[in-house]
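Residue numbers (my numbering), protein chains in the order written: chain H, 1 to 351; chain U, 352 to 580.
Please note that the accuracy of each hint is not assured.
Said to hold, decoys possible - Only pairs whose alpha carbons sit at most 20 angstroms apart, straight line, appear in this in silico SDA-like list of lysine to any residue:
#1 K9/H to K458/U
#2 K9/H to Q456/U
#3 K458/U to V276/H
#4 K6/H to R425/U
#5 K9/H to N488/U
#6 K6/H to S567/U
#7 K12/H to E493/U
#8 K273/H to K464/U
#9 K462/U to K12/H
#10 K10/H to K464/U
#11 K165/H to H207/H
#12 K6/H to P465/U
#13 K462/U to L8/H
#14 K428/U to V274/H
#15 K273/H to N466/U
#16 K6/H to K489/U
#17 K428/U to S272/H
What the hints assert, rightly or not - To list a few chain U residues with every Cβ distance to chain H over 10 angstroms, as calculated:
#18 D382
#19 N466
#20 D472
#21 E473
#22 E479
#23 L494
#24 K542
#25 I557
Source of the hints: derived by calculation from the structure; they are not laboratory data. Even for Gly, the Cβ is constructed at its ideal location relative to N, Cα and C.
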Amino acid sequence: MFLALKELKKEKIRSGLIVTMIVLIGYLIFILTSLALGLAQQNTDAINSWGGNRIALNSNSNVDMRQSFLTKDEVGTLSNKESLIGETSIVAKAKSHKQLAAVFVGLKSNEFIYKNIDLDSGRNVKDTHEIVADTAFRLEGYKLGSKVKLNDDKQKFTIVGFTKKAKMNVAPVVYGQLDTWQSLRDITGGPIASAIISKDSKYDNIHKGVKTYDKQQVIDKLPGYQAQTTTFIIMIGFLMVISLIIIAVFLYILTMQKLPNYAVLRVQGIPSKVLVMATIAQSFLLVITGLIVATLLTTATALVIPASVPMAFDIPVLGAVGAGLLVMAMIGGLIPIKSVLSVDPVSVIGG
Amino acid sequence: MNSFSVKNVNQIFGTGTAKVHVLHDVNFEADPGSLSLIMGPSGSGKSTFLTIAGGLLTPTSGTVKVNGISYNERSKKERDALRLDSIGFVLQEYHLLPYLTIADQFKLVDKVKPNGNLSPDELDDVLETLGIKSLLNKYPAELSGGQQQRVAIARALYPNPAIILADEPTAALDSSRVSVVAALLKNLAVKHNKAVVVVTHDARLIESADHLYEMSDGYLSVKEPVNNY
Chain H
1 MFLALKELKK EKIRSGLIVT MIVLIGYLIF ILTSLALGLA QQNTDAINSW GGNRIALNSN
61 SNVDMRQSFL TKDEVGTLSN KESLIGETSI VAKAKSHKQL AAVFVGLKSN EFIYKNIDLD
121 SGRNVKDTHE IVADTAFRLE GYKLGSKVKL NDDKQKFTIV GFTKKAKMNV APVVYGQLDT
181 WQSLRDITGG PIASAIISKD SKYDNIHKGV KTYDKQQVID KLPGYQAQTT TFIIMIGFLM
241 VISLIIIAVF LYILTMQKLP NYAVLRVQGI PSKVLVMATI AQSFLLVITG LIVATLLTTA
301 TALVIPASVP MAFDIPVLGA VGAGLLVMAM IGGLIPIKSV LSVDPVSVIG G
Chain U
352 MNSFSVKNVN QIFGTGTAKV HVLHDVNFEA DPGSLSLIMG PSGSGKSTFL TIAGGLLTPT
412 SGTVKVNGIS YNERSKKERD ALRLDSIGFV LQEYHLLPYL TIADQFKLVD KVKPNGNLSP
472 DELDDVLETL GIKSLLNKYP AELSGGQQQR VAIARALYPN PAIILADEPT AALDSSRVSV
532 VAALLKNLAV KHNKAVVVVT HDARLIESAD HLYEMSDGYL SVKEPVNNY
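Excised from the complex, chain H in its bound form (with noise of 0.2 angstroms):
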């Protein structure tokens, strides 16, 4: 360590060099992971607020919620554990606003997720004209009690309650009742709900064309979900990669022309190992010193970023990708080691 610090304090602008790089790497890794999280909660957060483990679905529908539909026959008998949500996509509109696409979602007031649905303010829907709208209405100017038109339908509701962190798809929720979504999907007197939600881990519905998913296997297949996580982490992963290289490089060259001073130390006696670890505490300190004001320049972010971005800033999986890039610098700094090793304290005797 001492070797590190006093080459680290010397040499300030190389090392200022470094470390800026890696800063912005380890910045560029952690908006990016920020963004990853952001779109993936904007994508799963209502289904995973509704605290469900199961999903039953029409075995037709792609395990997709939006094309299920469930008769009563198929729903069968629900225990508490139970809950059916009626599912579709609705533009929302009201005088003097922007347009909305959101996700309507239609619940039965008697069943847990109703019960569970986290009010930011307001009420919960009592009726058919009202509904809970996801806080992103707010940010559009609509309040409490506006008046609000679902697609074509004539009928105008009342925004009475809003939620926080309730999207799906990258879209705003909008909760009502069950029988306003078969009023959306024109399917009054058809089928009663698009799934089946239930807390029971064990859950499967037996009736013939139902099919039951665990809650990932239906996240995984929300439209656009697992390709825009893929892109994402394998964006991460190369910048990892490339971070590796960088310091891998940055660290060759400098090792590289400190060779010869090597030689005399080992000459003298100084053991390889106090060399290798020189060169390992450098690479850490480096690293290190570049994630902590990456932090701080992301936590500055996080700061600023309008509400609008799909930006989460998750502190365990932060800190967890920061572990990663410093795993990945380490080994970085590994590969001049073999140099260090390899110092050849003859070369320095003689003219």
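We have chain H; now place chain U onto it with these hints.
Chain U alone, transformed into the frame defined by chain H:
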């Protein structure tokens, strides 16, 4: 017992037609309190001798003993420890670590070998004698070549080794500094009872030597008396 002895050392590099016999049955001894000078032209085998003497190269045949124990009986790690404890190297190319101040060059030795180094007063004396006491807070790049060489000498002396092996220690020094370094090496030998072995072609050091040897085509021979060289 001699501090340092070399017995029947041969060094052969390469094989077949590329075979080069660099050292021929070299015998050498250095006692504590003496300054031995090995002189010879470039390519005569002086550096190879020094490399073998310092335990950096294992000879093709023969033995090198330090404090009565052969290098062959020591592991690589033990040889490192021996060089750190008992052998001080003064090299032609000084290669001071560029990012350490002169004071830190000595601190590095303290980090690796906390005990047995020169005391602060002793180091002060050495630095004063070499004329580099005022340079402690400077970096090597801020020093002249001669100053760097004197720092390298001080650094080699700092672990307080019993044997000092010097490879052309005065190559970068002017005449006035040569006499200072010669006096310092002589002083180390006599006053501190060290075995000092200097490989050089600098005839200005001859008058300080207790024993004079000549290396020629890999053969080491004694030259006496010193002042007739």
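Here's how the hints hold up against the structure:
1. Only pairs whose Cα atoms come within 20 angstroms are accepted, and K9/H paired with K458/U is accepted, the gap being roughly 16 angstroms.
2. This hinted pair checks out: K9/H and Q456/U have alpha carbons roughly 15 angstroms apart, not beyond 20 angstroms.
3. Only pairs whose Cα atoms come within 20 angstroms are accepted, and K458/U paired with V276/H is accepted, the gap being roughly 18 angstroms.
4. For the given pair, K6/H sits about 33 angstroms from R425/U by alpha-carbon distance, which is inconsistent with the 20 angstroms threshold.
5. Distance restraint check for K9/H and N488/U: the Cα-Cα separation of roughly 14 angstroms lies within the 20 angstroms cut-off, and the hinted pair is therefore satisfied.
6. For a cut-off of 20 angstroms, the pair hint linking K6/H to S567/U is broken: about 44 angstroms separates their Cα positions.
7. The suggested pairing of K12/H with E493/U holds, with an alpha-carbon distance near 17 angstroms, which does not exceed 20 angstroms.
8. Simply put, K273/H and K464/U have alpha-carbon atoms about 13 angstroms apart, close enough for the 20 angstroms limit, and the pair holds.
9. A threshold of 20 angstroms between alpha carbons decides the hint, and for K462/U with K12/H the separation of about 23 angstroms lies outside it, so the pair is violated.
10. For the suggested pair K10/H and K464/U, the alpha carbons sit about 24 angstroms apart, so the restraint of at most 20 angstroms is broken.
11. For the suggested pair K165/H and H207/H, the alpha carbons sit about 33 angstroms apart, so the restraint of at most 20 angstroms is broken.
12. Straight-line distance between C-alpha atoms of K6/H and P465/U comes to about 19 angstroms, which keeps the hinted pair within the 20 angstroms bound.
13. Restraint check for K462/U and L8/H: the C-alpha separation of about 18 angstroms stays at or below 20 angstroms, so the hint holds.
14. For a cut-off of 20 angstroms, the pair hint linking K428/U to V274/H stands: about 13 angstroms separates their Cα positions.
15. For a cut-off of 20 angstroms, the pair hint linking K273/H to N466/U stands: about 19 angstroms separates their Cα positions.
16. With a CA separation close to 13 angstroms, the supplied pair K6/H and K489/U stays within the 20 angstroms bound.
17. Distance check on the hinted pair: K428/U and S272/H sit about 9 angstroms apart at the alpha-carbon level, within 20 angstroms; holds.
18. With a closest Cβ-Cβ approach of about 22 angstroms to chain H, D382/U is found to remain outside the 10 angstroms limit, as its non-interface label requires.
19. No Cβ of chain H comes within 10 angstroms of the Cβ of N466/U; the nearest lies about 14 angstroms off, and the non-interface call holds.
20. The non-interface label for D472/U is consistent with chain H: the shortest C-beta to C-beta separation is roughly 23 angstroms, beyond 10 angstroms.
21. The claim that E473/U is not at the interface with chain H holds, since no C-beta of that chain comes within 10 angstroms of its own (minimum 18 angstroms).
22. With a least beta-carbon separation of about 23 angstroms from chain H, E479/U lies farther than 10 angstroms from that chain, consistent with its non-interface assignment.
23. The non-interface label for L494/U is consistent with chain H: the shortest C-beta to C-beta separation is roughly 15 angstroms, beyond 10 angstroms.
24. The claim that K542/U lies off the interface holds: its Cβ sits roughly 23 angstroms from the closest Cβ of chain H, which is beyond the 10 angstroms cut-off.
25. Chain H leaves I557/U outside its interface by the beta-carbon criterion, the shortest separation being 20 angstroms against a cut-off of 10 angstroms.
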